[in-house]
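Chain E is already provided as a structure; the job is to place chain S on it using the hints.
Keeping their order, the protein sequence lines are chains E and S. Residue numbering for the first sequence is 1 to 311, as defined by full-length UniProt numbering. Residue numbering for the second sequence is 1 to 434, as defined by full-length UniProt numbering.
Keep in mind the hints are simulated off the structure, nothing from the lab. Please note: incorrect hints may appear among the correct ones.
[Stated by the list, open to error] Examples of chain E residues toward chain S, derived with CB under 7 Å: (1) Asp18; (2) Pro133; (3) Pro156; (4) Gln161; (5) Gly237; (6) Gln241.
[Claimed, not checked] Listed below are the simulated SDA-like cross-link pairs for lysine to any residue, each with C-alpha atoms no more than 20 Å apart in a straight line: (7) S:Lys56 x E:Leu127; (8) S:Lys194 x E:Pro280; (9) S:Lys194 x S:Phe426; (10) S:Lys31 x S:Gly73; (11) S:Lys31 x S:Asn66; (12) S:Lys170 x S:Ser429; (13) E:Lys126 x E:Ser60; (14) S:Lys332 x S:Asn298; (15) E:Lys126 x S:Lys56; (16) E:Lys126 x S:Pro85; (17) S:Lys337 x S:Pro362; (18) S:Lys170 x S:Arg312; (19) S:Lys414 x S:Glu372; (20) S:Lys170 x S:Arg230; (21) S:Lys56 x S:Lys332; (22) E:Lys126 x S:Asp82; (23) E:Lys126 x S:Asn314; (24) E:Lys126 x S:Asn66; (25) S:Lys337 x S:Thr367; (26) E:Lys126 x S:Leu43; (27) S:Lys56 x E:Val128; (28) S:Lys56 x E:Trp129; (29) S:Lys194 x S:Leu229; (30) S:Lys194 x E:Glu281; (31) S:Lys56 x S:Gly73; (32) E:Lys126 x S:Glu372; (33) E:Lys208 x E:Arg187; (34) E:Lys126 x S:Gly215; (35) S:Lys56 x E:Asp123.
Just so it is clear, CB atoms sit at the ideal spot from N, CA and C, and this is done for glycine as well.
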Amino acid sequence: MAEWFQDNGLLLGLAVLDGLSSAGLIFLVAVGLNLVFGVLRIVNVAHGSLYAIGAYAAASIGIFLTGLGLPNWASIPTLVLSAALVGAILGPLIERFLLRRIYAQEEVVQLLVTFALFMILEDVQKLVWGVQPIHHDTPMTMLGTIDIPFGQDFIPFTNYQLFVLPGFAVVTLLGLAWFLRRTLTGRVIVAVTTDREAATAMGIDAAKVFLLTFTFGAMLAALGGALSSPTAALVPGIGAQTIVLSFAVVATAGLGQIEGAALTSLMMGMGRSVAVYFEPEFEVVVPYIIMVLVLLVRPQGLFGVTETRRV
Amino acid sequence: MTATLSRREALVAGFGGVLLPATLSAQPAQKPAELKIGVTTFLSGPASVFGVPSRKACEMLVDQINAAGGIAGVPVRATFVDEAPGTDHLVGEMRRLVQSEGVNVLLQSISSGSCLACTPLSRELNKVMLLWDCGTQRIFEENRYEYAFRTQGYGTPEVLAPLLYLLKHKPDFRTVAVINQDYAWGRDSWELWKAGMDALKPGVRVVAEMFPRFGSTDFSTEITRLLALRPDVILSTSWGGELVTLIRQATERRLFERSTFVLPVAEASLPTLGRTMPEGHIIGTRGDHWNNHPAPANPELFRSFVNAYRQRNNEYPIYPCHHMAQAMWALKAGVEKAVAAKNGGWPSDAELAHAFRGLTFPTPTSTITLREDGQGLEDQIVGLSTFNADFGFSVPKDMMLYKGETVSAPVGQKSTDWLKTLKPDFVASAGRSI
Numbered sequence: 001m002a003e004w005f006q007d008n009g010l011l012l013g014l015a016v017l018d019g020l021s022s023a024g025l026i027f028l029v030a031v032g033l034n035l036v037f038g039v040l041r042i043v044n045v046a047h048g049s050l051y052a053i054g055a056y057a058a059a060s061i062g063i064f065l066t067g068l069g070l071p072n073w074a075s076i077p078t079l080v081l082s083a084a085l086v087g088a089i090l091g092p093l094i095e096r097f098l099l100r101r102i103y104a105q106e107e108v109v110q111l112l113v114t115f116a117l118f119m120i121l122e123d124v125q126k127l128v129w130g131v132q133p134i135h136h137d138t139p140m141t142m143l144g145t146i147d148i149p150f151g152q153d154f155i156p157f158t159n160y161q162l163f164v165l166p167g168f169a170v171v172t173l174l175g176l177a178w179f180l181r182r183t184l185t186g187r188v189i190v191a192v193t194t195d196r197e198a199a200t201a202m203g204i205d206a207a208k209v210f211l212l213t214f215t216f217g218a219m220l221a222a223l224g225g226a227l228s229s230p231t232a233a234l235v236p237g238i239g240a241q242t243i244v245l246s247f248a249v250v251a252t253a254g255l256g257q258i259e260g261a262a263l264t265s266l267m268m269g270m271g272r273s274v275a276v277y278f279e280p281e282f283e284v285v286v287p288y289i290i291m292v293l294v295l296l297v298r299p300q301g302l303f304g305v306t307e308t309r310r311v
Numbered sequence: 001m002t003a004t005l006s007r008r009e010a011l012v013a014g015f016g017g018v019l020l021p022a023t024l025s026a027q028p029a030q031k032p033a034e035l036k037i038g039v040t041t042f043l044s045g046p047a048s049v050f051g052v053p054s055r056k057a058c059e060m061l062v063d064q065i066n067a068a069g070g071i072a073g074v075p076v077r078a079t080f081v082d083e084a085p086g087t088d089h090l091v092g093e094m095r096r097l098v099q100s101e102g103v104n105v106l107l108q109s110i111s112s113g114s115c116l117a118c119t120p121l122s123r124e125l126n127k128v129m130l131l132w133d134c135g136t137q138r139i140f141e142e143n144r145y146e147y148a149f150r151t152q153g154y155g156t157p158e159v160l161a162p163l164l165y166l167l168k169h170k171p172d173f174r175t176v177a178v179i180n181q182d183y184a185w186g187r188d189s190w191e192l193w194k195a196g197m198d199a200l201k202p203g204v205r206v207v208a209e210m211f212p213r214f215g216s217t218d219f220s221t222e223i224t225r226l227l228a229l230r231p232d233v234i235l236s237t238s239w240g241g242e243l244v245t246l247i248r249q250a251t252e253r254r255l256f257e258r259s260t261f262v263l264p265v266a267e268a269s270l271p272t273l274g275r276t277m278p279e280g281h282i283i284g285t286r287g288d289h290w291n292n293h294p295a296p297a298n299p300e301l302f303r304s305f306v307n308a309y310r311q312r313n314n315e316y317p318i319y320p321c322h323h324m325a326q327a328m329w330a331l332k333a334g335v336e337k338a339v340a341a342k343n344g345g346w347p348s349d350a351e352l353a354h355a356f357r358g359l360t361f362p363t364p365t366s367t368i369t370l371r372e373d374g375q376g377l378e379d380q381i382v383g384l385s386t387f388n389a390d391f392g393f394s395v396p397k398d399m400m401l402y403k404g405e406t407v408s409a410p411v412g413q414k415s416t417d418w419l420k421t422l423k424p425d426f427v428a429s430a431g432r433s434i
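Chain E extracted, bound-state conformation (with noise of 0.2 Å):
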């Protein structure tokens, strides 16, 4: 073991370094759909198109703006404002014209109406920004690298991958952690999590909370296809990728769980780079390997909470 390690070492370090800002950007969409789940009791599969539309808009507007003269430095707050202005407008507009209605429905058919709102902003993405692939990656671009040793060699990163995703991911856990547990929103969110009946019998307005979590959780979804637009192209389907991988944080972190989603995704994003270095086919099946251990160990996650079933 200890001379594997001598051999690997280095190459473990490097693996560290990547699984931290594929740890981040799984986080940041995955913790949204957990706190859609957990406050809504809705498996969003739409989740994946604010993904997308947030990195479409996120690079639109970046070249939009780049057009006008916008100064490079602007770039990365333009990230999170494009974010925040695809989840306030498309977050109410969902939640209050489709989900409302399905709230007391079955869960496949709420299921089915949110694939079939999958389907059709896929059918828009195509409809706005066509199929070429598009990118804008000045905010990677122009905070250069950054040389790692390497024994006798060095490596480059970005400083975008290396600093920027997961600071956003460290920002947003301990800014959600604060905001839940803190503030009163915040904690009346908790409240119709843990019970909903008992919150909404103690005068919470329950249609506030959905609209008010569908919301964030959508500015979250956004939040994290604008971070990934610098480093990648952006085609039609790469929604449907996202999704899959998220669902897969949820369940395994447990339903609404914050840290969970933190620890599942840094898990997830660790297993997949170390497969890379060490045993790449099994690169595409790692998380969902470590969502069955865990399932079989804790079915309701790493965090979740045993639900006693009413009769």
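Positioned in the frame of chain E, the structure of chain S alone reads:
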């Protein structure tokens, strides 16, 4: 009441079922009011980066052909079907196109999986099927089809030509890594490359084989590993958004300064990449139809196709547009040949299929011959990437042309078996500079 069937009736029914469609297809055919073509391509999902431009090219050519009086006096009408929902859906749609829509000729598909699933339908439906873009070598190496023809090259020449170019221009490389998409093309193209490389330059060490999930949007980890390994050559047959992402992330992290990239399918991504594509790496286009082709066979036709497409769509045509055009030109040449063979009469499906076998049709850049097994022989042009301000993106320089018949496996031989028989001196004789 139970219906019973005598042995004789069963035999008659069986023979009827087998022979009747073929007999009907050989009957004298009436000149149709329209030549209906059913076109399968990706209209959604990641591969729509190829499918949508190909549809635009098809629509433009149909308009042009009809404006000029149609094919043999018959106007053409195209119906498009999306490949994205999968092969089961596509098989059903193809049957519907022929049996309900009365389609005369089928043009299929981009995905190798689609082609493998749907080409056998050409037998069942007895309809001419032109494979316009898919690259798998297995179609005509594992089966014989009377009604199916591929109007372009395929995986073997498309991978072998860049390999030959590499061996000619950078013969001293000792290590190779591959990063391909994890699906049929990614795996098959690596198998073809490996077989050719082991035969033409034995002893090259493969330091990494990576097949990231199809549709990946981040290659940071793979790039870090490649930076650490420092292979002399990195092969990637990836395409679309994934290739754009890989190149951008690798450029930003200076991987292109450490290794020579070989990108056989780069052409379609170059307009998107603009100035980002680094200089001096090996790029291919799955054929010979580069926008800066220095000596096309018919320069006027080449310019008119490119300019008409640009005017209509405000973008340069990429290789799937050229492949679609090849299928349309083959269709025109095949139908006209069959009509001429009947002294102006309209051919049956069997007669039309007969006309396609051995057909040589002109393209703006060269000619393509559909040989006896149905496979088209398309020339390949490979070069080194260089930014061209006139285009606003990279195009190849120091180009070499490889004739289709030189870099394709001979009829009756499997590609991997044939590649293993190649000798190192093949590198010097295989291509010519243009």
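To see whether the hints hold, each was checked on the structure:
With a cut of 7 Å, the hint placing E:Asp18 at the interface with chain S holds, because the nearest CB-to-CB distance is about 4 Å. A least Cβ separation of about 4 Å between E:Pro133 and chain S falls short of the 7 Å threshold, and the interface hint therefore holds. Annotation: interface hint on E:Pro156 holds; nearest CB of chain S at approximately 5 Å, less than 7 Å. Against a cut-off of 7 Å between C-beta atoms, the interface hint on E:Gln161 holds, since the closest Cβ of chain S lies about 6 Å away.
With 7 Å as the threshold, the beta carbon of E:Gly237 comes within range of chain S, its nearest partner Cβ sitting at about 4 Å, so the hint holds. About 5 Å separates the beta-carbon of E:Gln241 from the nearest beta-carbon of chain S, less than 7 Å, and the hint is met. At most 20 Å may separate the alpha-carbon atoms for a hinted pair to count; S:Lys56 and E:Leu127 meet this at roughly 15 Å. With a C-alpha separation of about 18 Å, the suggested pairing of S:Lys194 with E:Pro280 holds against the 20 Å cut-off.
A hinted pair counts as satisfied when its Cα atoms are at most 20 Å apart, and S:Lys194 with S:Phe426 qualifies at roughly 16 Å. Between S:Lys31 and S:Gly73, the direct Cα distance comes to roughly 9 Å. Compliance with the 20 Å bound is thereby established for this hinted pair. About 16 Å separates the Cα atoms of S:Lys31 and S:Asn66, which keeps this hinted pair within 20 Å; it holds. Using a Cα cut-off of 20 Å, the hinted pair S:Lys170 and S:Ser429 holds, with the two alpha carbons roughly 16 Å apart.
A distance of roughly 14 Å separates the Cα atoms of E:Lys126 and E:Ser60; the hinted pair therefore holds under the 20 Å criterion. The suggested pairing of S:Lys332 with S:Asn298 holds, with an alpha-carbon distance near 17 Å, which does not exceed 20 Å. For the hint pairing E:Lys126 with S:Lys56, the CA-to-CA distance comes to about 15 Å; that is within 20 Å, so the pair holds. Distance hint between E:Lys126 and S:Pro85 is fulfilled; the C-alpha atoms sit about 16 Å from each other, no more than 20 Å.
Distance check on the hinted pair: S:Lys337 and S:Pro362 sit about 13 Å apart at the alpha-carbon level, within 20 Å; holds. Between S:Lys170 and S:Arg312, the direct Cα distance comes to roughly 41 Å. Violation of the 20 Å bound is thereby established for this hinted pair. Restraint check for S:Lys414 and S:Glu372: the C-alpha separation of about 15 Å stays at or below 20 Å, so the hint holds. Taking the CA atoms of S:Lys170 and S:Arg230, the gap is near 16 Å; set against the 20 Å cutoff, the hint holds.
Between S:Lys56 and S:Lys332 the alpha-carbon distance is near 18 Å, which keeps this suggested pair within the 20 Å criterion. Proposed proximity of E:Lys126 and S:Asp82 is supported: the alpha carbons are some 14 Å apart, at most 20 Å. Between E:Lys126 and S:Asn314 the CA atoms are separated by roughly 17 Å; this keeps the pair inside 20 Å, and the hint holds. Between the alpha carbons of E:Lys126 and S:Asn66 the distance comes to roughly 29 Å, so the proposed pair goes past 20 Å and is violated.
A threshold of 20 Å between alpha carbons decides the hint, and for S:Lys337 with S:Thr367 the separation of about 16 Å falls inside it, so the pair holds. With a C-alpha separation of about 10 Å, the suggested pairing of E:Lys126 with S:Leu43 holds against the 20 Å cut-off. Restraint check for S:Lys56 and E:Val128: satisfied, since their Cα atoms lie roughly 17 Å apart, inside the 20 Å limit. The suggested pairing of S:Lys56 with E:Trp129 holds, with an alpha-carbon distance near 16 Å, which does not exceed 20 Å.
Taking the CA atoms of S:Lys194 and S:Leu229, the gap is near 19 Å; set against the 20 Å cutoff, the hint holds. Distance hint between S:Lys194 and E:Glu281 is fulfilled; the C-alpha atoms sit about 18 Å from each other, no more than 20 Å. In summary, the hint linking S:Lys56 to S:Gly73 is not supported, as the alpha carbons are separated by about 23 Å, beyond the 20 Å threshold. For the suggested pair E:Lys126 and S:Glu372, the alpha carbons sit about 41 Å apart, so the restraint of at most 20 Å is broken.
With a C-alpha separation of about 14 Å, the suggested pair E:Lys208 and E:Arg187 falls inside the 20 Å cut-off, and the hint holds. Straight-line distance between C-alpha atoms of E:Lys126 and S:Gly215 comes to about 17 Å, which keeps the hinted pair within the 20 Å bound. A hinted pair counts as satisfied when its Cα atoms are at most 20 Å apart, and S:Lys56 with E:Asp123 qualifies at roughly 17 Å.
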